[in-house]
Amino acid sequence: MSDTHAQSVAYVRESFVEQQTPPVSETGVVKWLRENLFSSIPYAILTLLSLFVLYQILSGVLPWLLGGNWTASSIRECRELVEGAGGCFAVLTERWNQLLFGFSYPSTEYWRPALAFLLLFVCVAPVLFPDLPSKSLILTLLYPFVAYWLLWGGTIVTPIVGLLGVAAGYVAYRATINRGFALSLLAGVVAAVIVWYLGGFVAEELSGVAALMPVESRDMGGFMLNMILGTVCVSLSLPFGILLALGRQSRLPIIKIICITFIEFIRGVPLITLLFVANVVLAYFLPPGTTFDLILRVIIMITMFASAYIAEVIRGGLAALPRGQYEAADSLGLDYAQAMRLIILPQALKISIPGIVNVAVGLFKDTTLVSIISMFDVVGMIRGPILASTDWNGVYWELYGFAALLFFVTCYGISQYSQWLERKLATDHR
Amino acid sequence: MASISEHDTQQDRQGFRPSMLINDTRYRGLTFQFIALMLIILAFAWLGANLMSNLAAAGLDISFGFLDEPAGYDIAFSMIDYTSQSSHLRAAIVGVLNTLLVAFMGCVTATIIGVTAGVLRLSKNWLIARLMSAYVEAFRNVPVLIWILIIGAVVTISGANPRAFLGEEAESNLFLGMFAFTNRGLYAPAVEIGPGALIVLIALIAGIAGAIAWRWYVKHTLFSSGKLLPGWPMWLILLAPPILAYFLFQGAIGLSMPDTMANRFNIQGGTLVGKPLIALWLALSVYTGAFIAENVRAGILSVSKGQTEAAAALGLRPRRVMNLVVLPQALRVIVPPLISQYLNLTKNSSLAIAVGYADITATLGGITLNQTGRAIECILMLMLFYLIISLAISGVMNVYNSTVALKER
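Protein chains in written order, with the numbering used here: chain A, 1 to 430; chain B, 431 to 839.
No wet-lab data here; the hints were simulated from the structure.
Warning: the hint list may mix true and false statements.
[To be verified] Take a look, some chain A residues computed to stay more than 10 Å from chain B by CB distance:
1) Q56
2) V189
3) W196
4) F265
5) I300
6) L345
[As the list claims (entries may be wrong)] Think about it this way: if two alpha-carbon atoms lie no more than 35 Å apart in a straight line, the pair counts; the simulated DSBU-like pairs of lysine-lysine are:
7) B:K777 / A:K350
8) A:K31 / B:K649
9) B:K777 / A:K256
10) A:K135 / A:K424
11) A:K424 / B:K735
12) A:K31 / B:K554
13) A:K350 / A:K256
14) A:K424 / A:K350
15) B:K735 / B:K649
16) B:K657 / B:K554
17) A:K424 / B:K554
18) B:K735 / A:K350
19) B:K554 / B:K735
20) A:K350 / A:K135
21) A:K350 / B:K554
Every residue, glycine too, gets a C-beta built ideally from N, C-alpha and C.
Working from the sequences, and respecting the hints, build out all of it.
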């Protein structure tokens, strides 16, 4: 072959050229900078502009954060100690317990909510991570009763009776499941109510057994109150949301109309009006003489609010299921309750996980609204007792920044978890 | 087959038995609905009876007569004439207008912020994309109430004394010669309406109608004869009538500028936008903007790259690719959640009470309720107002959805 070349081509290189290093502009940092920050003139301007904004923000925040004081006992002392732009973070250390537990939770009992908070992670883990053994779900089941005992105190008999009632209901439900779903559900509810009613007398008799110091609901406050409202309302609103969604999809016109009216009404009004209802109106609709905890009234209203939104999310999941799934369930001869429990809901709920998490995060953020009806959650504590006190009048940024950070960490964590779960549960092959 | 039909006829002959209400799927639905209806009626009757006995015990009744009584409190920011001698109803109307004002302003700015942030978050510029992610995550994961309070605090402590703007040798100059941000609020130009304003307004509407008609005509001729008429006359038809009318009727609509020379103590003229409104408006716009940014991003990502490439392969220019192929498909995804964000913003504006802005929740649901003690009536009206707004907005959304829905054949 080289002969032919020798005749037709003037020059043929017979050795390889030495391998060259790529030009500086095409490797390493320079290439990355060119591609990602300075790829064209408008982009370069944008980059410089955002660098400037970043510098402005950091030059304001960093000295404030790093030069802050953590030990002073009042704002005047803090202003004297801190030179320049440093923040008065001493308010956080001094009012730490108030921010977390409110101002009237007995200070000797702070270990109880703290323990309940830690247990929350242990006991929710079996639900959050499907890889854990399913036996550990018992922990989750026990948690509400333990948490109630820890937070509200009183005798341990009360939560045990509550647990026994649930257990009796479950046993009655399992025993009669062959007679049809509706009937066995009724049997379960009746059994539970009987046990609770009888247990009420027992609990009254044994009110001294393993008793913790009782704490009134109105003494709950701080971030603890946000956590209580958030977890209780989210977990209560899930079953109600599922029922409402099924009702809205139902073929029975009256049930459908009831569900649609409820959902659209709740979704049409702001949460704050519902909280006003809990605060001032709800008492008018209860039998004369009943006294109802404000916290309980608020839980009822927030649960109604959240379940309407969750119902809409689950309705989306139900509608997204292919028609064939419903027809397959019918053709297997399953009745409505079986088809829903075994075929439809597991799939529909899986589709709705991102939406449900969105609602949960939104709801947890909305628990701050209770500060407007003068409950002392973390925002209420800041706006009320702390900022109004002569010691810390005017320490806005540190306090609001701290509250924002608490919520950011929680909500960002939840949304990261939900993305992880979504990837894990993805069974479709893409 | 024969045995089944025999069985059926046998059952029919037996007629209706009560146990069929539970066991027969033909009647079970009716039974459940009947039970549900009865339970609902019983529940409402129970609540109603409780209400009656509670009201009787407290010596109250349900009446809306208090709306005519003088309110007796002042409202700092009102768009219509209002004094403390005006009725509670008028105070409520002031609140309604204030709610609608902040909701409208918030929707406009939130859309601008959200679209910008959403597009920039997809930018190939690494730094700007990260900055926008930080913005979106920071605002989405922190309660709107905390943002309203933070921005309220920022607005409260910022702003100079109005005197800084006054006189010949002022320390500060008006921004663009129109705006002065002081510790009392924002001084801005006010619109002054004179005689003939109606005619200018009619001309404006006529211009818009004419422009739409021209666009329709261009499309019509293009489809029927294949002739493409120029697009620019649309702008002429749109702008000419209002501009002509504006110059024909001198002084029909004018601007009153904030005047820093008029006296030595305060800024004259213009309009003063109070700090609560500014704080609430900013907070709602930035908060909702973060959500809208996510919707916009999702919408743009939902249009597959193949669509852009197919359009380019057909020979469309980049602008036409965007206008004819990408945007119509992205908008179908963006608009429904966008409208529900508008709805959320309107509902979140009820937190105005936290910065002291007199919206409907603060007037009717706040001061009026506390002064008259008419909790049930006030909250009923409050809920009704928000319900009407959200039903109206979701009605608009349904109409839009049905117009852009994929035509499945």
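Hints, verified against the model:
no.	hint	in the structure
1	Q56	holds, 12 Å
2	V189	holds, 14 Å
3	W196	holds, 21 Å
4	F265	violated, 7 Å
5	I300	holds, 13 Å
6	L345	holds, 19 Å
7	B:K777 / A:K350	holds, 29 Å
8	A:K31 / B:K649	violated, 48 Å
9	B:K777 / A:K256	holds, 26 Å
10	A:K135 / A:K424	holds, 21 Å
11	A:K424 / B:K735	holds, 27 Å
12	A:K31 / B:K554	holds, 14 Å
13	A:K350 / A:K256	holds, 24 Å
14	A:K424 / A:K350	holds, 11 Å
15	B:K735 / B:K649	holds, 28 Å
16	B:K657 / B:K554	violated, 40 Å
17	A:K424 / B:K554	holds, 29 Å
18	B:K735 / A:K350	holds, 28 Å
19	B:K554 / B:K735	holds, 16 Å
20	A:K350 / A:K135	holds, 22 Å
21	A:K350 / B:K554	holds, 33 Å
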